[in-house]
Amino acid sequence: MRVAIRLFARLRDLVGCGELEREAPPGSTVGAVWNGLVADYPAIAPYADSMSCAVNAEYARMTDPLADGDEVAFLPPVSGG
Amino acid sequence: MSASPTAITADVLDITALVRIVEASGIGAVTTFLGLVRDHNQGRRVLHLVYEAYEPLAERALGRIVDESRVKWPSVTLAIHHRIGRLTIGDASVAIAAASPHRADSFAACRYAIERIKQIVPIWKHEYFEGGDVWIEGATADPDDQAARDAAMRLACA
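The listed protein sequences correspond, in order, to chains A and B.
Counted from 1, the first sequence has number 59 at position 59 by this note's numbering; the numbering is strictly sequential.
Adding 81 to a residue's 1-based position in the second sequence gives its number in this note's numbering.
Calculated cross-link-like contacts (lysine to aspartate or glutamate; reagent style DMTMM-like; alpha-carbon spacing at most 25 Å):
| id | chain 1 | residue 1 | chain 2 | residue 2 |
| --- | --- | --- | --- | --- |
| 1 | B | LYS153 | B | ASP226 |
| 2 | B | LYS199 | A | ASP13 |
| 3 | B | LYS199 | A | GLU58 |
| 4 | B | LYS153 | A | GLU58 |
No lab work stands behind these hints, which were simulated from the structure alone.
Extracted from the complex, chain A is given alone in its bound form (with noise of 0.2 Å):
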């Protein structure tokens, strides 16, 4: 199956782009992605501890896991206000 991934603020400079799509086995986790993410990106590995995720636009765990066309978003500690 295909995920769409979108990375944001530092996230996004890290990687040096905000929207990606990977292959990945059905029933993947949106945990399996990141590791996917940070094997081809290791700058990112510190976020694991503090980033939040969501799936299509809601917040989830990286534990659940994600089907065909799902869009999976990965966000840093946020600053807002």
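With the hints as your guide, set chain B onto chain A.
Frame of chain A, contents of chain B only:
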């Protein structure tokens, strides 16, 4: 200027328009809050900020804050607009209006809203200062984190 009670917008914020959104018969108090871009941060001279949002989720998070407020303060009507894009010193980045029959609830709900914005709305500020730039990173966003919610409520009801 959006007429919606919650909005992520690149437009200049208009607190008067926000007050009009929450005004209704039976209202005895409106508390407003404007967050402004400050000229200094952690010893740095700030030149300007660029705000970025994951817009669909940020809109939902603002709606969630309104819903949480309604549970605690059923008589309060809230409106929250957050600006994105390039902001210069003194520009308003966030505007909140809370209306209620009595002032205690409108003050509390307004404070709760800004504390929750800083906790759970996916918006980031990129600070450009004299000598460089840095992404500001605050809270790990988790709307279900009860400890964070309790902390916001304590500040609101202090």
